[in-house]
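Residue numbers (my numbering), protein chains in the order written: chain A, 179 to 602; chain B, 1187 to 1601.
Since the hints were made in silico from the structure, they are not lab data. Take the hints with a grain of salt, since some may be wrong.
[Unchecked claim] Straight-line alpha carbon distances no greater than 25 Å define the calculated PhoX-like cross-link-like pairs of lysine-lysine that follow:
#1 A:Lys-427 x B:Lys-1422
#2 A:Lys-574 x A:Lys-194
#3 A:Lys-470 x B:Lys-1353
#4 A:Lys-345 x A:Lys-428
#5 A:Lys-386 x B:Lys-1528
#6 B:Lys-1422 x A:Lys-429
#7 A:Lys-289 x B:Lys-1189
#8 A:Lys-476 x B:Lys-1307
#9 B:Lys-1189 x B:Lys-1528
#10 A:Lys-182 x B:Lys-1384
#11 A:Lys-317 x A:Lys-277
#12 B:Lys-1469 x B:Lys-1411
#13 B:Lys-1528 x B:Lys-1517
#14 A:Lys-423 x A:Lys-194
#15 A:Lys-428 x B:Lys-1597
#16 B:Lys-1569 x A:Lys-289
#17 A:Lys-522 x A:Lys-504
#18 A:Lys-277 x A:Lys-556
#19 B:Lys-1522 x A:Lys-289
#20 B:Lys-1522 x A:Lys-293
Source: prediction; values computed, not measured.
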Amino acid sequence: MNYKKNIQPNIFPINKLSLTEPVLTNLNNGVPVYQIESGSEDIVRLEFAFRAGQIKENIPLLASTTNSMLTEGSANYTSEELNHILDFYGAFVNPYYDKDHASVVFFILNKHLEKILELSREILFAPIFPENELNALMKNRFQWYMVNREKVNNRANDLFFESAFGKNHPYGRQVTEDDFKNITQNSIIDFHKNYYSHNNMAVIISGKIPGITISLLNRFFGETFTESRVEDHPDNTITDQDNQKLHIKKKGSIQTAIRIGSTTINKRNPDYTGLKVLDSLLGGYFGSRLMKNIREEKGYTYGINSCISSLDLSGYKLISTEVSRKNVRHTIEEIYREISNLQKIPVEKGELTVVKNYMLGEMLRMFDGPFALADSFKAVWEYGLDNNYYRRLAEKIRTIDQDEIILLAKKYYNIDELHEITYG
Amino acid sequence: MVKFERCSLNNGLRIIVHEDRSTPLVAMNILYNVGSRDEDPEMTGLAHLFEHLMFGGSKNIPDFDTPLLMVGGENNAFTNNDITNYYLTIPSVNIETGFWLESDRMFELDFSQKNLDIQRKVVSEEFNQRYLNQPYGDAMLILRALAYNVHPYRWPAIGRDVNHILKVNLRNIKDFFFSHYSPDNAILSLTGNISADKAFRLSEKWFGPIEKRNVKKRILPAEPKQMHERKLIVEKDVPSSALYKAWHIGPRESPDFHTFDLITDLLAGGDSGRLYNTLVREKKLFSEINAYITSDIDPGLVILSGKLMNNVNIKEAEKEVDNVITGLLEKQGILKEMEKVKNKYEASAVFSNTNILNKAMTLAYCELLGDAELINREIESYKAVTHEMVVDSVSNSLIHSNCSTLYYNSKRKDV
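Construct all of the structure, not just a fragment, from the sequences and the given hints.
This is how it looks when you write it as structure tokens:
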């Protein structure tokens, strides 16, 4: 045997990312279309993205309900017909919304591209939001809401956003039972008219893109133009709650959900890439300090993680876990201890190398295949950035050192500013 | 079409390789032919607890995760009733580290008391988080125990009692390892940026020296045929009542497996399924409803679950479910729907095959079922299902005497 079983095989540097920018074409009416050619199967992922997320709604549930109602009937098709035809042609449709954006993503077999595009125009630009379907949807959503309220992780998340972004801002506003009564057909029609317009839209296509795609898109989406000019609501300032600590008990709960975090910078800030590395060290991967401490040394939880996320008007960092009630105090103390260690003690070279290599591998996964490529592009395009963000991120991962980690930890992890929520 | 090459080592390890040069990564999947059906009824959850211990270090490598992270890799695993499946993705230049890590933990684990103590706690927190502290989280525990009397499918992979996990000792762990973790009881699949030659050579180098162990032939108690309808009512503090039903069907290899797969797609595939259209959209009895097959290797179940709208009588709702099911016997309009679900099945396979990890898992699982080539052939069996076969399967199996029903009632007054 010419190798030893206790010695790791040679480690080679991880392949450099080869990133190409999507090809931008404008339809006849100016709608931007980003094409990402990738993969060997005859399929495309086609996303219609609109700036139509919760940030645009003046009452809760409006953005999400409008998005869900798109497939509930159009000028030429009933809801049942739409869903039947989409299924018949093997298409998958995911309506999607978040705090800033709303979109509809279609997964399409290329041989059915034309048919699905015709239907997607119906879904996006000719929905009629039938009253009957709306009432049924609201009743169902109310039932789901009642179930989700019982889940400690959901409640703790909601309370964190309320605490960090304020009761009145769309990022922090809570949904109440009454909100389900306030959604009317007219409010949906208005929201659709204002935000699902050609001047508020972009198309992202990835996969093995047929040559005819742009001319088909022009036929269905490029010949008319709807425009909406809506002033954003003046009440858009983010003010966090004064009381940063909130501890609520739920009767009969076996575990308690813990959320600790605060608002922070987003992707547009040059420090963001370094913060990604810091976040990974703290709780962003399986070998992170929080996982090692709270799960692998103490056995307090099935999982603990931290993340940093961007929003259009802000960003946030958040640590999440669920533990038995008797371990809540100790877990919270340990979370603060791990943060303060990152501010005081230089991270050892070995640990930093592990996290760097893990993150470089993760970047390969983020660009592997047509679906991942589209997701990654969209995640920067939404912030007015391009793939240069990822080049900067890769460069930062390679070059960041222990001093910069300490600086970032001190600058962005002020323990006194963190919101601390427990529920359960 | 997924093309692949296969070989076996002298110690019985089977290897399947699918080369796909469009990715810089390799996915490596090891399936061990052991699941919760192989557990002692008084020590359920052991297979899954064991999966956790596989990350706690092996004979020559004290820490599994760090060396993998060092080369940009990522990994995870799952345990179900039939199998324990470990998988990783890794930049192709560093694939040898994957062989090194996986072969050493197949060779022998580092049976550490400390690791066992910690993972017992972690798994009991997992039990709490996923099953006990969620509304309806224990429904499947209850339904399985109702549907099966003797077969080990009567408990889920997490186990039937959290106390079983807490009493596992190191002796149990060692016995479990040496009786199930063996090259001839495993299937290794690799997909992505690697040639078959290289994969076979590295397999021989790292897994070749591991000797096969004495894996006993699996003998499990067969579930007797259910003769009478079973019903159970529980009352819980949940926001609305829910209905669960389970019918026995044949094993994974039985000829009507694909018929039931298609039947559940007719009932609940996508937003155009019959249950959703009739009972959610039209009659507004349920807020959500679903039906699926468990896809178990031994005789499995068709499971239906639905959450009721408030003020709906659960017995009335159940009758309507029955009507939807017997509606499948009528030929009127169903052929077009069958064509629809067949198209959708075909499309799902194409979408799923864009991902190397999915392909690796499917290849290994198909090989366990008898032939990795099933990855390409299952679609034909599904497409071959006729309405006559649907009628036969519905009238023989989706009937009251073969059914276990759970009323998961809300004890809240206003419901």
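Review point. So which of the earlier hints does this model not fit?
Key: The structure breaks hints 12, 14 and 17; every other hint is satisfied.
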